[in-house]
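**Student:** Each chain, letter by letter, is given below.
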Amino acid sequence: MKRLIFIAITLFSIIGCSKFPVDEDGLLITDRNECYVSNFELLGRDYQIARSKAPVIDTIAQTIDVEVLYGTDLKNLWPQFSLCPDAKLEPKITGFVDFSDLQPKEWTVISGDRKVRKTYTVTVTVQERTYE
Amino acid sequence: MKYYSYIKKLLLVISPILLYSCSEKDYEIPEGNTSLHNDCIKRSIGPNIIGNNIEFVYAMSLGPEQGKIELAQVEASIAGSENTYLENRSFHTNLSGEDVPIEIGKPSVNDGNTTYVEFTKDTCAASLRYYYYIPEEARGKEVSFKFSAKASTGEEVNYKLGPYKISKLDMKLDIELTDGNNCYFSVADMKSYSETEAIQNPGKIDLIYLYRPLSGVNFNHVLISPSNSDYRQDFNVPSELTNQSMLWKVYGVRDKHLARLEFGVYVDDVDFEKMGFDNAPDYAMDLKAEYGVWIETADKKYRAYIYINKVNETNKTMTVSIKRYTMN
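Sequences listed follow chains A and B, in order. Just so we're aligned, residue 2 is where the first sequence starts under our numbering, counting upward by one. Just so we're aligned, residue 139 is where the second sequence starts under our numbering, counting upward by one.
Possibly wrong hints are sitting among the right ones.
Said to hold, decoys possible - Here are the simulated lysine-lysine pairs, BS3-like style, with alpha carbons at most 27 Å apart: (1) K54/A <-> K439/B; (2) K426/B <-> K76/A; (3) K180/B <-> K342/B; (4) K412/B <-> K93/A; (5) K412/B <-> K76/A; (6) K439/B <-> K76/A; (7) K303/B <-> K438/B; (8) K438/B <-> K76/A.
Bear in mind the hints are in silico, worked out from the structure with no lab data behind them. Please read these numbers as outputs of a predicted model, since none were measured by experiment.
With the hints as constraints, model all of the structure from the sequences given.
**Tutor:** Structure below.
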């Protein structure tokens with residue numbers, strides 16, 4: 002009887018694990034096909050929020066426009082993406098990113114099933130000083 | 139029925155053990171160590187900075203009927219500066235939690251590397267504090283201590299502590315910068331200067347302090363390199379001042395030496411040794427109390443951490459404290 006239970010659990014485990022394989026990053030490949038950025042943050046070198054207002058995320062046009070505070074050190078900004086469930090980002094962000102050329106930068110969101118890829122363009126602008 | 143029989147057998151086996159273990163044993167008060175003995179702890183924490191002290195507590199005792207303590211002394215591997223002393227008062231804590239001192243001897247004497255107290259009270263136990271003021275000679279070196287005591291019985295004991303690494307850091311507290319007046323800051327001198335003074339020593343000026351409450355943006359209290367022309371606003375920097383210092387603005391690094399707050403961290407030599415300034419900006423704006431800046435001077439001779447103790451919008455001032463590390 003015990004042997005039967007053991008075999009049943011082992012078989013169940015094998016079947017259960019085989020449903021969601023892992024990708025090269027060790028992340029589960031699921032059956033979700035959603036693929037979008039749900040939120041975006043930009044931190045300065047002091048790990049404080051560097052943006053001056055809420056970012057504009059357009060999931061149709063796949064763009065993110067963000068304005069940073071006047072005087073922000075553009076060479077040292079840390080973008081943080083919040084993604085839909087099971088999605089991942091490419092290339093990975095492992096440190097501060099240099100935005101000092103103010104050129105749009107691209108990151109690709111990959112869906113949970115790894116079949117949908119959407120490239121988002123991030124554009125950083127700097128808050129301008131207003132003169133009274 | 140089967141269970142009842144089992145429990146009965148179990149009780150029969152366990153009962154004698156329980157009864158035996160509960161039987162009262164004659165208690166004897168343990169005998170204390172009546173020979174002269176000692177113990178020591180280091181009380182201060184954080185990096186050991188020149189000019190500051192390292193605090194220890196040295197305790198010694200022997201049996202009350204055996205004799206009395208005659209001498210306590212500390213030998214440092216590098217002589218402490220002249221402020222170094224061994225307390226001639228023994229402290230104990232009363233029921234209110236207060237430290238109560240009792241004088242046990244003459245004030246301590248510093249003789250070369252040794253600091254000693256000769257006992258004048260007939261006492262068999264004392265707990266003395268030792269404050270080793272770190273001398274310039276110890277910078278970057280290691281220092282060890284040998285605590286020792288002598289009793290009238292002829293017994294001698296000692297306790298060794300260390301070695302402790304002495305920091306290469308320099309420190310200065312509460313330097314006031316005033317917008318438009320003493321707004322020039324020198325890391326080399328750890329001092330603020332007026333414009334006239336700054337022009338006389340242009341190579342030493344690493345930062346300029348500005349306060350500008352600009353409309354619509356967060357500028358406010360700013361530290362900026364003399365070379366930066368993007369954010370100096372209406373401020374005219376004398377042409378003699380050209381240094382470009384690199385700065386990292388940080389929040390929350392409340393160094394316990396500089397901030398003197400209840401909670402915090404210690405900025406130590408290793409922080410400066412490992413820090414990189416690649417791609418660092420030459421300004422830090424919208425600074426507030428409890429912010430700080432890591433700085434590397436233009437000649438790369440110094441790295442420092444400048445902690446902002448307070449800012450004042452009305453007086454247009456910033457009070458800072460600094461820890462400075464001289465690079466090799």
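**Student:** Evaluate each hint against the coordinates.
**Tutor:** For each hint, the structure was consulted:
no.: 1; hint: K54/A <-> K439/B; in the structure: 40 Å, violated
no.: 2; hint: K426/B <-> K76/A; in the structure: 22 Å, holds
no.: 3; hint: K180/B <-> K342/B; in the structure: 39 Å, violated
no.: 4; hint: K412/B <-> K93/A; in the structure: 25 Å, holds
no.: 5; hint: K412/B <-> K76/A; in the structure: 20 Å, holds
no.: 6; hint: K439/B <-> K76/A; in the structure: 24 Å, holds
no.: 7; hint: K303/B <-> K438/B; in the structure: 24 Å, holds
no.: 8; hint: K438/B <-> K76/A; in the structure: 21 Å, holds
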